[in-house]
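Chemist: Spelled out, the chains give:
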Amino acid sequence: MKKGWKIALISLGSLLGVVIIVVVVACWLIFTPARLTAIVNKLAGDYLTCENHFEKVDLTLFKTYPNVGVEIENVVLVNPYRFPDSNVLAAKAVHDDTLAHIGSLTVGLDLRAFLKERAIVVRQLRVDDTKANLYTAPDGWSNLSIFKSSDKDTPPSEESSGLPETIQLEKITFNNLNAQYCNLQQNMLAQVGHVDLDLKGSLLDSQLDADLSMDVDKLVVNMLDSVGADKIFADLDKVSLALDGEGTLDNLDGKIKLTVPKGDFVMGGQHYTTEAMQQSRKDLLSVYLPFLANLNSKTFTLGEKTMLSLVDYDLGLWGHVALADGTTPMNVDLHYAIDQWQVADLLAILPQFITKSLKGMAVDAKASVHGTAKGVVADGRLPLIDAEVTLDKGSFSAPKMLPMPVKNIQAQLSANLNLSTDSAYKGPSNVQIANFSAKVKKTDLAVKGTVEDLLGDMLVDANIKGNLNIPDLRTFLPDTMPIAMSGTSVADLKVKSRLSSLQKLDLKKIIASGTLKFSQLDVIYDSIHAVSPKLNVAVSLPTKKTSTKVSELLGAHITGGKLDVQMANKGLTAKVENPDIRVGLPNILDKKQALAAAFNIQFSKVEAKMDSMLVYSDSLRLKGSVRNDTTKENVIKQWNPDLDIDIHRGVLAMSNMSDPVRLTNFEFNYKPEVVNIAKADVLWGVSDYHLHGKLYGLEDWLSHTDMLTGNVNFSSKYADIDQLMNILSGMGTDEDTLTQQRIEDNVPKEANPFIVPKDVNVKLNTHISRCVAFGNDLNDLAGSVTVNDGTAVLDQIGFTCKAARMELTGVYKSPRVNHLFVGLDFHLLDIQIEELLDMIPSIDTLVPMLSAFEGKGNFHLAVEGALDAYYKPKMSTLIGAAAFSGKDLVVMDNASLAQIAKLLQFKNWREKDNNIGVDSISVEATVLRKEIRVYPFLLNLHNYQLCIAGQHTLDNMCNYHLELLKCPLPARLAVNVNGNLKKPNISLGKIQYADLYKPEKQSHLEARTLEVKRLVRQALEANVRKQD
Amino acid sequence: MTVLDAPIVTFMLLTKMNKKQFLRFLLLFFVGSLGLTGCEPEKVSVDIDEGKLIGVWYALDNTQEYWRFNIDYKGVTWDESEDVQESEGIKYNWAVEGDQLQLDFYGEMGQHVYYDYTFTAQNDTSFTWKDIYGNSRTFVKK
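Chains A and B, in that order, give the protein sequences.
Numbered per my numbering, the first sequence finishes at 1046, counting up by one with no gaps.
Numbered per my numbering, the second sequence finishes at 308, counting up by one with no gaps.
Please note that a few of the clues may not be correct.
[Claimed, not checked] Computed from the model, here is a short list of chain A residues facing chain B with C-beta under 7 Å: (1) Val730; (2) Gly841; (3) Pro891; (4) Lys892; (5) Thr895; (6) Leu946; (7) Asn977; (8) Val1030.
Honestly, the hints are just simulated from the structure, not real lab data.
C-beta atoms are modelled at their ideal positions from N, C-alpha and C, and glycine is treated no differently.
Full structure from sequences and hints, please.
Modeler: Structure follows, in structure tokens:
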């Protein structure tokens, strides 16, 4: 530098220093603190209504350089007030009548602008060590109302206001600001402690340049609701705010940084901050918000780097915000993004009231969310929010709810939210589940669908698919349940329902359908073992099927290839093929509705074994319904079944049955009141049975409250009656009762008599072409068989055997095991005698001389007696009567007859063919116990008429008398036949019946004999059925 | 041939008998005539007191065979040796006519069996009857 310039500069600097010193000295002399203080106090008195004091006002150059500063020390404003009694906020607030106490207040003024343009321009404001206490009473009075009101008629001029003409603040600084704001009208109390604020900037000709830095040691805000409860309570420490903005008012580029390292935030009584948040090394809350603002239009554009962070969790935010302006409401168009939040960690720091619903659960996933919020923000209106949610590596565990953890959760969801509460702007909030997948042990699940009305009563429409590992299902069942399962299943289910319906399990409002395809299913439950290589189950809610019996709501359709079931403890094995089972259920969760089911079950093949019993069918169909009534006693009444059962080509075989029973067709309907056998074609051995008819009161019979009644048509081409009786024996009497009866009657087990079913009154209308009964072949048997409470009645059975047309009324009763009643009313019409004797050999015992005849006749027999358990007759109970009448008979030649004829001097009594013809015969006989009596009967042999009568015993000892009533000779001869019937002693006897058939001469005894004979026959013939 | 021979000869012609056969017939005729007239059984008359019959009696030849006579002229007989109880026995109606006891046994199948007995003895503790073939049985009050 040249020396001249150096000297000049030094000179100029010295001159400037002198000028400054002169100015300062001048100011010191003219604007002395005392004078300025007095001026300010005076002005304050003019403007302020409250008590005020400005201790010292002075000018300064250095503190506000390059501006001229006015420094005021110890400013005190006092405006007394009084808190109302019993006010919660007032109790929390610090009461102080001092409105403000400012340690130091410095204002920097632009001296150049004042000197050149006479403009008062404030460049700086510095406030140090301030305590402020602002108060608004419940009635709206504020201790800030300290300025005197101006003349209402004359608006204050700018000059008279005394305020600077231009505020061009370049720097505002608050140091150590402590303040309380208590607004009892709005129930709010705010307190700040040690606030340092530094604001630099300018607003000139709409050009704004601002740089704000604020640190708050303590910020406490408390807002109460109308009843005095905490609405919001915030207690924040070390709050730091930095705001930087530059540009014009309509294009201000800036950024905001806010950090809240620690603090507590309570809203509505709930703590939103937790101990975990406090202990984090990261700030409780931090906000970085770059923006571009148009302050004129109040619109803001948030930069893409905008970030809101709660401890470790960052929320990216960008977009546009237009603040409310006059009639235009606030409008936002924002994007947000959350990247890879670890849900478990987040839940660990969230307050309990948010996570309490997850108590007992462990939830985790990596969650990413991005989306938009667009729309108006106004009273009742909120922007529409779209969200794309991605969950990865998620897991869920809730031992009390799910016995197994859910792992590998992956999900992609899209949500559209309308949070507006104003009905005019309300709209749907939906979630689209693009994909949700999870794994439970070896079970994979995948869900797709939508959730509509997300914020209201959610409408879920989901498609659930899964590969189920059946053993995994075991863990969902109680440990005490004796069940083991294996196999797999492919599930494909669709559900559509409101959430409320799902929560309430209101099945009427839930739509669900789907299939479960089981493979290699193997289930062991207790002693039941079921195996199926393939089984499909289709379910539908509501079901399309309808039943008149059951209000079907739930439907299930089970189909498959094979199903094997074993019951080890019952010795039961069952195999079915092609099961086709349709089941319809009502609302099973409706406790007011009785449990019921409609079903249609078909099997193409059934094979079941139980102990020694085998059941087989080519086709089994079971259709019907059941309805539960728990008030009833027995199982059938409790379930009130209505069943149609069809069995085709069925077989029933048992070890104690010589032949299997084949059900070629078996169709019947069961209703509580009636069993309708529509068709039953049965083959058993060589027998065939065809039944149709109705049975009534089966349920009451099973519960031992009433009799089983019915009327069944029974037809057969060939029937083994003996075989049938063996099966029906004892039906209706339980085994214990039979055993007890055996003990009481001292009957051994090997004796197995037919016990007529008890409490049964069933009539069988029979038509049997051929049958074998008690070893006899019978033809064209027709009539009724009635089983009535321990009594079996063969009523007016008519049939023809080889020998005759026959009518049989039989009674069989089994009051005791060792006392079996048998009664017969037996009519053989137009009978061949030899066939009769062949069919009923015992007739020869009853009427021994009948075997001596050949030809046709009519035979009547009514006899009854008791049998023991071995069917051995109890002779002491035998009582019977028989009658035989015939015409044009031939007497068989035999030695006894020849001897009798010789004794009676028969001559020429044979026919030309050497046969012995009998014109007619009419024999009546009775049996009582062991004694058989043959009443006198006449035998016309050509020219002879014989009267025969007598008695014999069942051990063949006889005592007969044959007397010649007519003969060519004028003599009366008689012979006696005594001794053993097989080899009798025949000798001449006394004449006894000379007057028997002479009414005018017969004795009283003879008359009675003939009367008895007539009565016996009359009683027998009265039972003969009239021919149509 | 005498006049008396005429009917004899006529009888022989009608019956185509020879003399030997006729003589044999004649012999039988006389024997038979004697039989008809010479063997009438001895009639024993007993005054029967119906009232004494009422009650239960057992047979002396089978002490397990019982007969009950009821005052309504009904009765029942049963044999416990065959495990038959009273309710399972044979029922009957009874009537007394002179010394005759008429029993009308009846069964459930509509059959009736009529037996008549002749009392030959009766006292308070026993009675005896005889059937039409002359077989007697004695019963003792139970």
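Chemist: Which numbered conditions among the earlier hints are violated in the structure presented, ordered from lowest to highest?
Modeler: 1, 3
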